[in-house]
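Given the structure of chain Y, go ahead and fit chains P and U onto it with the hints provided.
Each chain, written out:
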Amino acid sequence: MTAAFVMAAAQGLLALFLAPGVVGLIRWLKARLQNRRGAPAWQPYRELRKLFQKEIVVSRNASWLFHLAPFVVFASTLMVAVLVPVLAAPLPVDRIGDLLVVVYLLLLGTFFLALAGLDPGSAFGGMGASREVTVAALAEPTLALAIFALARGAGSTNLGEIAARTMADPLSAVSPGHLLAFAALFIVMLAETGRLPVDNPATHLELTMIHEAMILEYSGRYLALIEWASALKLLVFFVLLGNLFVPWGLATALTPGAVATAVGALALKLGVLAVAVAVLETRVAKLRLFRVPELLSASFVLALLAVTSSFLLR
Amino acid sequence: MLLFYKILRVGVVTEPLALGEPDVIEVAREVETKARRLLGRAVAIREVDAGSCNGCEIEITSLTGPVYDSERFGIHFVASPRHADLLLVTGPVTRNMEVPLLKTYEATPDPKVVVAVGDCARTCGVFRGSYAVVGSVDAVIPVDVFVSGCPPEPADILRGILTALDRLPQRKG
Amino acid sequence: MAPELLLLALSVASYAVGALAALIVRGMAGRALVAVGALVGSLATLALGAWCLATGATLAFAAPRLPLTGLALRADGLSAFFLVVVGLGGAAASVYGFGYSAHYDGRYSLRLLGAMFNVLLLSLAIQVLADNALTFLVTWEAMSLSAYLLVLVEHDQHGTVRAANWYLAVTHAGFAALVAAFLVLAGGDMTGSFAAMRSATLPPATRNVVFLLALVGFGTKAGVIPLHVWLPMAHPVAPSHVSALLSGVVIKMGVYGLMRVALDLLGGGPPWWGGVVLGLGAVSALLGVLYALMEHDLKRLLAYHSVENVGIILLGVGAGLMFQSYGLPGLATLGFIAGLYHTLNHACFKGLLFLGAGSVLYATHTRNMEQLGGLISRMPRTAACFLVGAAAISALPPLNGFASEWLVFQTLMGGALVPHPEAAIGMAIAVAMLALTSGLAVACFVKAFGITFLALPRSAEAERAREVPASMQVGMLVLVGMCVALGLTPFLVVPVLSRALAGLGGLPLTPIGFSLSLPFSVSGVTGEMSPLLVGVGVLLLGTLTAVVLRGVADRRLRIGDTWGCGRVGQTPRMEYTATAFAEPLRRVFAELYRPTEDLSIDFHPKSKYFVRSIAYRSEVEPWFERLLYTPLLSALRGAAVRVRQVQAGSLHLYLAYMTIALLALLVVARWSR
Chain Y
1 MTAAFVMAAA
11 QGLLALFLAP
21 GVVGLIRWLK
31 ARLQNRRGAP
41 AWQPYRELRK
51 LFQKEIVVSR
61 NASWLFHLAP
71 FVVFASTLMV
81 AVLVPVLAAP
91 LPVDRIGDLL
101 VVVYLLLLGT
111 FFLALAGLDP
121 GSAFGGMGAS
131 REVTVAALAE
141 PTLALAIFAL
151 ARGAGSTNLG
161 EIAARTMADP
171 LSAVSPGHLL
181 AFAALFIVML
191 AETGRLPVDN
201 PATHLELTMI
211 HEAMILEYSG
221 RYLALIEWAS
231 ALKLLVFFVL
241 LGNLFVPWGL
251 ATALTPGAVA
261 TAVGALALKL
271 GVLAVAVAVL
281 ETRVAKLRLF
291 RVPELLSASF
301 VLALLAVTSS
311 FLLR
Chain P
1001 MLLFYKILRV
1011 GVVTEPLALG
1021 EPDVIEVARE
1031 VETKARRLLG
1041 RAVAIREVDA
1051 GSCNGCEIEI
1061 TSLTGPVYDS
1071 ERFGIHFVAS
1081 PRHADLLLVT
1091 GPVTRNMEVP
1101 LLKTYEATPD
1111 PKVVVAVGDC
1121 ARTCGVFRGS
1131 YAVVGSVDAV
1141 IPVDVFVSGC
1151 PPEPADILRG
1161 ILTALDRLPQ
1171 RKG
Chain U
2001 MAPELLLLAL
2011 SVASYAVGAL
2021 AALIVRGMAG
2031 RALVAVGALV
2041 GSLATLALGA
2051 WCLATGATLA
2061 FAAPRLPLTG
2071 LALRADGLSA
2081 FFLVVVGLGG
2091 AAASVYGFGY
2101 SAHYDGRYSL
2111 RLLGAMFNVL
2121 LLSLAIQVLA
2131 DNALTFLVTW
2141 EAMSLSAYLL
2151 VLVEHDQHGT
2161 VRAANWYLAV
2171 THAGFAALVA
2181 AFLVLAGGDM
2191 TGSFAAMRSA
2201 TLPPATRNVV
2211 FLLALVGFGT
2221 KAGVIPLHVW
2231 LPMAHPVAPS
2241 HVSALLSGVV
2251 IKMGVYGLMR
2261 VALDLLGGGP
2271 PWWGGVVLGL
2281 GAVSALLGVL
2291 YALMEHDLKR
2301 LLAYHSVENV
2311 GIILLGVGAG
2321 LMFQSYGLPG
2331 LATLGFIAGL
2341 YHTLNHACFK
2351 GLLFLGAGSV
2361 LYATHTRNME
2371 QLGGLISRMP
2381 RTAACFLVGA
2391 AAISALPPLN
2401 GFASEWLVFQ
2411 TLMGGALVPH
2421 PEAAIGMAIA
2431 VAMLALTSGL
2441 AVACFVKAFG
2451 ITFLALPRSA
2461 EAERAREVPA
2471 SMQVGMLVLV
2481 GMCVALGLTP
2491 FLVVPVLSRA
2501 LAGLGGLPLT
2511 PIGFSLSLPF
2521 SVSGVTGEMS
2531 PLLVGVGVLL
2541 LGTLTAVVLR
2551 GVADRRLRIG
2561 DTWGCGRVGQ
2571 TPRMEYTATA
2581 FAEPLRRVFA
2591 ELYRPTEDLS
2601 IDFHPKSKYF
2611 VRSIAYRSEV
2621 EPWFERLLYT
2631 PLLSALRGAA
2641 VRVRQVQAGS
2651 LHLYLAYMTI
2661 ALLALLVVAR
2671 WSR
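Residue numbers (the numbering used here), protein chains in the order written: chain Y, 1 to 314; chain P, 1001 to 1173; chain U, 2001 to 2673.
Pulled out of the complex, with its shape left as it was, chain Y reads as follows:
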């Protein structure tokens, strides 16, 4: 039992320390696809280290909420990283939080970040907060239906159960329900983590920002926490896409061999998803803000089809 909890903590820490690397990898791939040399994949680590050593400048209109928000965002995202099956499934920690808990913990982070955007009283922050909650709200139904489709197959919303059930029945991984749910969840991932075509993470035009606009007032260690939490959120979504839909490689027993295989499988899945996101971001242009609901409706339809097909093709 203690081994299992150590495993849970370890996989949370692993996710935490891998997250900036995944973001760096995507940036490096995009650079190469733009015919540039680009920074190495470990550049985000250097940026984080630098940010931790910088001074913070806080607006005089900001309240205690401004100081609290980065910690809430970071802690809730880290808790999610502990709960998702990064390396091993099923684990006893699955019983603390299931897939619904994961979604709502991420929503907790969004709530506080949006409030922190409104706190200093700048128009950019308000705009970012308004757009962010709009996108988050419109992505919720798709998430819920994708969870429903997965839970239906496994008979439970428990993350370990879902992974175990797919491993036990390999054919279900290519069933229409699963494939459609994967597509829907992929689009939601792009929306929730602020990737093209929903939001450009590298933009410096405030009127085109969604996520960035909320954090324009943050600096130093607060900014570092928020950036890290945002990278961790991306990794969490990658883990959900990879380890719930293609769970082979997950360690079912806590032996060194199984864990080593799990680490390798995780690296492979993260790499594949990073390449997919980098190629997609190179290929598409950012959508106009009021086209984003159309994209999210398309993902909702995919999720609804996933659920209906899983009922009709029982």
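Careful: at least some of the hints might be erroneous.
Here are some chain U residues pointing at chain P (derived, C-beta under 10 Å) [said to hold, decoys possible]:
hint: 1; residue: R2555
hint: 2; residue: W2563
hint: 3; residue: C2565
hint: 4; residue: G2566
hint: 5; residue: V2568
hint: 6; residue: R2594
Keep in mind the hints are simulated off the structure, nothing from the lab.
Using N, Cα and C, we set each Cβ at its ideal position, and we do this for glycine too.
Okay, now just chains P and U, sitting in the frame of chain Y:
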């Protein structure tokens, strides 16, 4: 698909950074060792246009392109001065931009570095003596490195930034 | 005497004392006595409910000598649970009301406020204990009338009288439906006792009619769309602690009544009953939150959220009814547990939010969010309480809103087990609507809290705001404590609820484990979570991060201006407004809202290139009144005009009417022999 075929065919076109003319870059202030060490590998730059004709801006935008690729040195451009470590200032400081420039400087957290780009930033260039300019950038905020040229080449701007961070092998020329 | 009867007597006596004191004693002593009477009565009610739930005792009291069928009271699990809800809401509201009613002194009638407040609480307490139709209906009417009078307290404010009239009209239309429902259900049994109704066997068509009448009647009270139109009118204009009571407790009586009639008295029915309730719940939830988003009157926003949360409760109840008709009693129990848990949670966080809004109103004399702001530094404790309420209603872990919404989700996901694919797909769509609702609730409360409390004050009143008196803060803090406690301990609440529901309509006692996590396996659906451990985990990780940062990171902090691209100075006009915040969602749902926009530009007379002023006006008007109620009301008026012709004024005509009526009665009496 044609796009990716083309990308693969062209390959990486980034040019290695040459040494360049030594007198284009002038070090006005010594940047603190601590700041240099901290910002050495990851720098966030906020560009401030203090009334320039945008000739320098055009050169600066090429920095993020494939040929000059500032990102390989760990440089990236940010929108908010709160996220920035280095202010890249262009233009003779006009009366209207004097206060905004000062406010941008104040909004940037320590440690910070200022690099002034272009002849206008150092001596007001062709606009010297005009009723609309206040003076060189140094008159408003403390500048660490000046990069001369009208406009300076992107490679010179890059060298100026790296000099400010003590990343170039030869500093004094 | 049994402790239950003692507590009941104490609560009745206490409310009576409070009501009388309001009429007789003046000034602060009067307000104090009202508050004490209401508080003691509510605590007694709460204790009674908790006692009955904990020990399983049932209270039975009858006074058959009273006119008609007399008073009959009985407490079973469901009644005990609602007694807890009533007691909790009443206690918090009465403590808060002591400080809040101070600013009514001299301006409005404190006697009416105090007396009717206690009468309302009394009628609520008796109503859930009612064991025959007459007791139920009399206390229902007493509740509606006292609530009406309470809504009218601030009678000279704009819109109050209209709101009260709408409230009275709709609630009486519902009352008529309820009387009809009980008459049909009693089916000739003149005692009208619930026990007789339970054991009666009625043909299916009659049961359907009773169900529909009850649904309409209780739906008007609960605020189900489209019977909700009075809610956003009446709740904002009532005094704030009354609003808290109205939203937190009174509309739950609709839920209580529905469960009592559909589940207990009728014993469940065909699947379409559950389907209708589920559908109404989903629509109410979604439309409620969509209209809440467009509001910038703080209390109207909260009133629409009550509609939304009643929708969520009905999702649970409807799912429960549906599962019961499909013969899945375990899932049915789960559905009802989810609905009841959300009832209690909503009473807590909606009460808290209304009390918070009342504090804002007390301090700034305005409900308009566009004139507020910056209150977090001027009213720190109110802001913190409101933040907890906002997080709770947005269903964020580990607070109570999340616990009950999680249960509703699990119930609906259990719909996968239903044999009919239409029902299953219907439940899937309900899941999607519930998720959209909760996402939009997050958006709405970021707006409500952010615009009201954060940034700079947008008006002089907001600037001058000061923290509210201690009694008001205590009222809010009590509810904050309940929100947190109910959120962290679902493993305590759920077993209590399942015991309370046992036996109703043939539901079995679902054994639920007593552990730190909340696990259940209900015939094929397993779900587990532990909000306590999640909350502890997040807190631990946050503290750990802060400690590590203290040691590792730089600690310098400098205060500067808000970054505004270097402009000089910052005024409140540069901040985001509530309307602007909700604008993207208004665009997305424009087809639903049909906003009207009016832009008038005043040009300089000499040239069209110079603009003197621009006025922009945009309105989102709920179309229910226009599409549904206006035609209905004009049809009624037309019919009434036509019927009035019968009253021609001629004495001969009236004598003729009486003769015809007598003859008809004699013929009918002869025939039905």
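Against the structure, the hints come out as follows:
At about 12 Å, the closest approach between the beta carbon of R2555(U) and any beta carbon in chain P exceeds 10 Å, and the interface hint on this residue is violated. For W2563(U), the shortest C-beta to C-beta distance to chain P is roughly 5 Å, which falls under 10 Å, so the interface hint holds. The closest approach between the C-beta of C2565(U) and any C-beta of chain P is roughly 7 Å, which is under the 10 Å cut-off, so the hint is satisfied. A cut of 10 Å between beta carbons decides the hint on G2566(U): the least distance to chain P is about 3 Å, and the hint holds.
Taken as an interface hint, V2568(U) checks out: its beta carbon lies about 6 Å from the nearest beta carbon of chain P, inside 10 Å. Because the closest C-beta pair between R2594(U) and chain P is about 37 Å apart, greater than 10 Å, the hint is violated.
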